[in-house]
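Model the full assembly from the supplied sequences, consistent with the hints where possible.
Numbering (our numbering), first residue to last: 199 to 332.
In case anyone wonders, no lab produced these hints; they're calculated from the structure. Built from N, CA and C at the ideal position, the CB exists for glycine as well. Wrong hints could be hidden among the right ones.
To be verified - The calculated label-pair distances, taken between Cβ atoms and stated as ranges, are:
| # | residue 1 | residue 2 | range |
| --- | --- | --- | --- |
| 1 | D287 | A201 | 19 to 25 Å |
| 2 | H260 | P223 | 26 to 32 Å |
| 3 | E289 | T202 | 32 to 38 Å |
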Amino acid sequence: MPATIAIAVAALVRDGRVLLGHRHPARRWYPDCWDLVGGHVEPGELPRQAVSRECLEEVGVHVQDPRPVPMTIADPALDVHAFVVTHWDGEIVNVAPEEHDELRWFRPDELPVAELAHPGLVATIRSAVRLDVD
199 MPATIAIAVA ALVRDGRVLL GHRHPARRWY PDCWDLVGGH VEPGELPRQA
249 VSRECLEEVG VHVQDPRPVP MTIADPALDV HAFVVTHWDG EIVNVAPEEH
299 DELRWFRPDE LPVAELAHPG LVATIRSAVR LDVD
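Now the structure itself:
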């Protein structure tokens with residue numbers, strides 16, 4: 199059985215909304231759908247380090263205190279580490295348009311459920327938004 203691929207994703211939350219990136223239609227994996235910001239955990243890197251690096255590479259912000267949040271996805275090839283992020287330095291911009299062709303803020307009740315990369319994102323996003331309110 200092949201090894202799983204470690205992924206780290208961030209639910210960036212502001213004012214009860216979560217940031218999602220629309221994966222470019224030309225992407226090899228999970229094209230043309232909405233997903234959290236993030237990517238592969240590099241060799242020797244911890245998931246928390248990876249999510250910080252990915253947020254800088256994809257949306258141009260330095261995250262502060264990423265907190266683990268539960269996430270269950272149906273793809274057994276992926277080992278996903280999800281984090282909620284409520285504080286960051288910098289302004290969110292699409293630094294990687296080849297990865298995401300659009301960035302948008304969503305309230306949990308506005309989620310494009312049918313167009314999400316993974317159905318498990320809904321519960322993760324709701325948990326992340328609740329953590330921001332607490």
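Evaluated hints:
The given range of 19 to 25 Å is broken by D287 and A201, whose C-beta atoms sit roughly 34 Å from each other. At roughly 29 Å, the beta-carbon separation of H260 and P223 lies within the given 26 to 32 Å, and the hint holds. Distance hint check: the CB atoms of E289 and T202 are about 34 Å apart, consistent with the given range 32 to 38 Å.
The structure shown violates just one earlier hint, number 1.
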